[in-house]
Structures are given as structure tokens and as C-alpha cells.
Amino acid sequence: MRTASSALKSKDLLGIELLTPEEITLILDTAEGFKEVSERPVKKVPALRGQLIINLFMEASTRTRVSFEIAEKRLSADTLNFAASGSAVEKGETLIDTAENLVAMHPNMIVIRHKHPGSPRMLADRFENISIINAGDGAHEHPTQALLDAFTIRERLGRLQGVNVSIIGDIKYSRVVRSNIHLLTKMKANVTLAAPPTLMPAEIEQMGVRVVHSLDEAIEGADVIMMLRIQLERQGKLSFPSLREYYNTFGLTRERVRRAKAGVLVMHPGPMNRGVEIASDVADDPKVSVILDQVTNGVAVRMAVLYLLGGAHAGGSE
Amino acid sequence: MNVKKRLLDGPRMNRAIKRMAIEVVERNRGLDDLMIVGIRSRGVPIGERMAKEIEEMEGTPVSFGILDITLYRDDLTLVAPQPVVKPTKLPEPIDDKVIVLVDDVLYTGRTVRSALDALIDFGRPRQVMLAVLIDRGHRELPIHADVIGKTVPTDANEVIKVKLTETDGEDEVLIMEK
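Protein chains in written order, with the working numbering: chain A, 1 to 318; chain B, 319 to 496.
No lab work stands behind these hints, which were simulated from the structure alone.
Beta carbons: idealized from backbone N, C-alpha and C, even for Gly.
Hints may be right or wrong, so weigh each one.
Unchecked claim - Computed cross-link-like contacts, DMTMM-like style, restricted to lysine to aspartate or glutamate with a CA-CA straight-line distance of at most 25 Å:
hint, chain 1, residue 1, chain 2, residue 2
1, A, K73, B, E341
2, A, K43, B, E484
3, A, K73, B, D393
4, A, K44, B, D413
5, A, K35, B, D413
6, A, K35, B, D435
7, A, K43, B, D413
8, A, K11, B, D413
9, B, K496, B, D414
10, A, K73, B, D435
11, A, K44, B, D439
12, B, K404, A, D78
13, A, K91, A, E36
14, A, K9, A, E22
15, A, K35, B, E341
16, B, K404, A, E255
17, A, K44, A, E155
18, A, K44, B, E341
19, A, K9, B, D439
20, B, K404, A, E36
21, B, K370, B, D392
22, A, K44, B, E484
23, B, K407, A, E155
24, A, K44, B, E410
25, B, K407, A, D216
26, B, K323, B, D435
27, A, K73, B, E495
28, A, K9, A, D29
29, B, K404, A, E155
30, B, K407, A, E36
31, A, K35, B, D393
32, A, K43, B, E341
33, A, K11, B, E341
34, A, K115, B, D486
Claimed, not checked - Chain A stretches covered by chain B per the calculated footprint, using a threshold of three residues with CB under 8 Å from any CB of chain B:
hint, segment
35, 34-43
36, 299-311
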């Protein structure tokens with residue numbers, strides 16, 4: 001059997017950059033087993049019974065937080081949601097102090113989202129008996145998003161190797177794109193990026209991707225078109241003249257999808273800005289859009305990650 | 319580990335599985351409500367072979383499912399690394415069915431306990447039976463098999479190794495010493 005690859009090396013999931021292709025495959029294979037749990041009449045298994053998982057969300061999130069919480073509940077873990085607003089954070093408590101206080105209540109895992117890149121790593125180094133899961137840290141990484149994207153591609157196309165994935169939009173401010181580039185290049189998919197020059201980081205080609213400058217070039221030959229949200233909240237001021245102009249040059253419209261390869265998949269990590277990066281009729285077209293599949297698969301992938309990290313080391317038996 | 323004895327070779331294993339299939343049919347009136355459910359991993363090929371034997375005998379196909387019990391193990395927080403999880407596949411609802419759980423070896427009974435818990439999460443069968451290729455004794459829970467391929471008295475320091483063509487390339491059952 002696959003004894004060599006049946007475990008993750010780290011107690012934490014901080015980013016895709018730190019995973020091997022074998023570990024990525026293990027997570028995706030495990031998620032297949034968990035997808036079926038969500039289709040049962042009783043959508044719950046006792047795997048993480050008695051484990052406490054704290055969801056520490058210091059930045060707005062609906063999809064990811066809800067998805068993690070459902071995944072935790074379906075594994076029978078006890079969950080506690082901690083949001084920055086309404087907490088002592090508003091009174092000036094630091095992240096470390098908040099975390100120290102939560103850890104004093106003996107959680108097994110902490111799922112953290114924070115606007116500062118590296119904050120999950122800071123907690124992971126500090127608390128050696130607790131698994132830390134990065135649910136998005138600034139513009140750094142969002143590993144479970146990349147894993148669910150990969151799961152969705154693999155489910156639809158049967159493989160990752162050699163698949164042409166074009167990622168379009170806010171490359172500069174997106175943690176989703178960084179995690180996806182790490183994952184897709186590790187799994188030998190071909191990644192193409194397209195964005196206005198102001199949203200394209202310099203020398204990003206060094207990550208092993210192809211950069212093009214128009215949406216049409218990016219769409220040509222793509223098996224997967226992944227649209228990114230324009231992160232207005234991170235940009236300060238707009239990096240392009242207007243949202244309307246962005247839609248006209250980089251928005252994914254029905255007309256543009258028609259020029260793509262037959263069977264192309266359209267993905268979006270959400271939340272969508274309809275009429276900015278993607279047209280409504282594309283987003284809602286079940287023939288091309290797998291956006292809601294991504295959401296469904298997110299639960300299975302997060303269950304897999306929690307299960308794989310929630311083993312003996314997190315049970316405190318060592 | 320050294321091989322102490324070969325308990326079954328290919329032909330003898332086939333006869334045992336055939337006999338198990340006959341017993342399942344004899345114990346049930348009709349096949350309509352019957353579902354054979356193999357416990358991953360080696361209960362699956364044994365269950366498939368039993369289902370095939372029943373189909374050949376009775377001329378009608380019998381429902382077959384696969385149960386993964388990993389998430390229901392009582393030692394999940396004690397073993398590292400985490401065991402591999404695979405999907406459970408049941409072809410139809412199990413409510414009011416007669417389920418025949420199939421596994422390769424019955425030992426402590428803990429796997430069967432997990433399997434019962436897993437099964438109940440899918441519905442309420444009318445009856446659950448247990449069929450195993452080898453019963454080696456040393457139960458730690460009040461569980462017994464209804465249909466047994468071969469009963470083998472063993473010592474606790476012995477290991478029963480069931481090999482099947484589908485998973486291991488050949489059919490045989492060995493008794494080994496730790």
C-alpha cells in the first residue's frame with residue numbers, strides 16, 4: 001500500500017509551497033473519500049470526536065469560515081468561532097496574546113485567517129502541540145483554496161499533469177493565485193497568467209509560469225480559466241482607470257468563452273464581482289462554470305486536511 | 319515474520335468462499351432484500367466473489383456495496399500516521415435490507431464494531447449478518463460471525479495473512495509468527 005505517502009510531514013498546513021507533490025496527492029485522494037460523507041443521510045463521522053478546533057478569523061470571510069466549520073462538524077470535532085470584531089482585539093489585544101489565551105483552553109487545532117502574511121507561521125512556531133491551518137494570510141497563501149481548485153480540476157478532467165490553466169485578474173494582491181501557482185507547477189500543470197500591467201508582479205515568471213498580456217491570449221488553448229476577484233479592499237486606489245474598462249479588457253464574457261476550447265472549465269474562488277471580472281451569464285452557465293462545485297468540494301478538501309492533521313500528534317498522546 | 323503454516327491455497331479458498339455463498343443463500347428466503355457489503359480492503363474482493371457465486375447459483379444478481387470503516391475506528395487518535403480514507407459505496411438505501419458484512423479475518427471484533435456503527439449511519443437494515451473467511455478467535459467484544467470460511471485456533475503472537483489475487487496477486491492464507 002502507500003505507507004510512504006500516507007502522512008503529512010508537518011503538524012501544520014501553512015502553505016502549498018511547503019508541500020511535496022506526494023502530500024498534495026494524498027490530500028486530494030483523501031478528499032475523495034470525504035466527498036461521499038457529505039452525500040450520506042447522516043452527514044457526520046466520528047473521526048475527530050472530542051477534538052477542539054478554534055476558527056480564528058481576523059479578517060472577513062463567509063465561504064471559507066462556513067466551509068471549515070461544516071468540515072469540522074462533519075468530523076464530529078467541537079468548534080469555536082472567534083472573530084476579531086466584538087472581541088478583545090478591539091481593545092488592543094495582540095494576536096499572540098489572543099492566541100495564548102485561546103491555547104490555554106487546550107484546542108487541538110487552530111484555523112487562522114489574518115491580514116498579515118506569516119501570522120499562521122508565527123503561531124505554528126510558538127505552539128508546538130497544536131496544528132495551525134492557514135485559511136488565508138494577507139497576499140501570501142490560501143492553501144485550502146488551491147487544494148479545492150485542484151480537486152475540482154482533477155475531478156472534471158481526470159488529471160492535473162499537463163492541464164493548461166489560465167489565471168486572470170488581480171495577480172498582485174491575490175493569495176489564491178500564489179497558492180495555485182505553487183500547487184499547479186508542483187503537479188506539472190501549465191500555468192498562464194494574464195492581468196493589467198499594474199496588477200502583474202514583476203518577475204513572476206520565476207515561479208515557472210507564462211505571462212501574457214491579453215485575455216484572448218490567455219484563453220487560447222486553456223483547459224481551465226480561473227478568474228480572480230479584483231480585491232478593491234487591498235488596492236487602496238484602483239490600479240486601472242475604471243471597473244467598466246477592466247470588464248471590457250479582462251472581464252470574462254460569453255463571447256470570449258465561445259472562443260475558448262470546447263469543454264473549458266470556468267472557475268472563480270469567490271466572492272464574485274459580477275460585471276467586473278466575470279459576466280453573470282458565464283458564472284451561471286452550468287455547462288462551463290464549476291464555481292459551485294468548487295464550494296461543494298471545499299468541504300471535502302478541508303475535511304481531508306483536518307483529518308490528516310488531526311492524528312495522534314494532535315490528540316496529545318505523545 | 320516467518321511463515322508457520324499455509325492454511326488455505328487457491329482452490330481451497332475458492333471452495334470456502336463458495337460454501338460461504340451457499341450458506342448465505344440458505345439462511346435467507348429470496349435475494350430481493352439481500353445486500354453483500356465488503357469491508358475495505360480485503361473484505362471487498364471476498365464479498366465480490368461471494369456475490370458472483372450467488373448470482374451463478376440463483377441466476378439473479380445480488381446487490382453489492384463497499385464499506386470504509388476508517389473514520390469509525392476506536393483507535394484513530396492513537397495511531398499515527400492517519401490511515402488512508404476511501405469512499406464508502408452502497409448501491410441503494412439499506413433500510414429494511416438484510417446486510418451481509420464480509421471481512422477477511424475476524425479477530426478482536428473491533429473492525430466489525432466500527433462497521434456496524436458506519437452502517438447504521440446509512441439507515442436501518444432489517445438484519446445484519448457477518449461472514450468472514452477466517453475466524454481466529456481472541457474476541458475483545460461480544461461479536462460473532464454467522465458464516466465462517468475456516469475457524470483457526472491461534473496464539474496472540476501469530477498473524478493471519480490473507481492474500482487475494484485482486485489485492486496481492488495470488489490466493490492464499492498464511493499463519494505467521496511475529
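Hints, verified against the model:
no.	hint	in the structure
1	A:K73 with B:E341	violated (41 Å)
2	A:K43 with B:E484	violated (31 Å)
3	A:K73 with B:D393	holds (20 Å)
4	A:K44 with B:D413	holds (18 Å)
5	A:K35 with B:D413	holds (22 Å)
6	A:K35 with B:D435	holds (19 Å)
7	A:K43 with B:D413	holds (17 Å)
8	A:K11 with B:D413	violated (40 Å)
9	B:K496 with B:D414	violated (43 Å)
10	A:K73 with B:D435	holds (18 Å)
11	A:K44 with B:D439	holds (8 Å)
12	B:K404 with A:D78	holds (24 Å)
13	A:K91 with A:E36	violated (44 Å)
14	A:K9 with A:E22	holds (11 Å)
15	A:K35 with B:E341	violated (36 Å)
16	B:K404 with A:E255	violated (41 Å)
17	A:K44 with A:E155	holds (23 Å)
18	A:K44 with B:E341	violated (34 Å)
19	A:K9 with B:D439	violated (32 Å)
20	B:K404 with A:E36	holds (9 Å)
21	B:K370 with B:D392	violated (32 Å)
22	A:K44 with B:E484	violated (31 Å)
23	B:K407 with A:E155	holds (17 Å)
24	A:K44 with B:E410	holds (19 Å)
25	B:K407 with A:D216	violated (43 Å)
26	B:K323 with B:D435	violated (35 Å)
27	A:K73 with B:E495	violated (43 Å)
28	A:K9 with A:D29	holds (17 Å)
29	B:K404 with A:E155	holds (15 Å)
30	B:K407 with A:E36	holds (8 Å)
31	A:K35 with B:D393	holds (23 Å)
32	A:K43 with B:E341	violated (34 Å)
33	A:K11 with B:E341	violated (49 Å)
34	A:K115 with B:D486	violated (51 Å)
35	34-43	holds (count 7)
36	299-311	holds (count 5)
The structure is inconsistent with the numbered hints 1, 2, 8, 9, 13, 15, 16, 18, 19, 21, 22, 25, 26, 27, 32, 33 and 34, although it conforms to all the rest.
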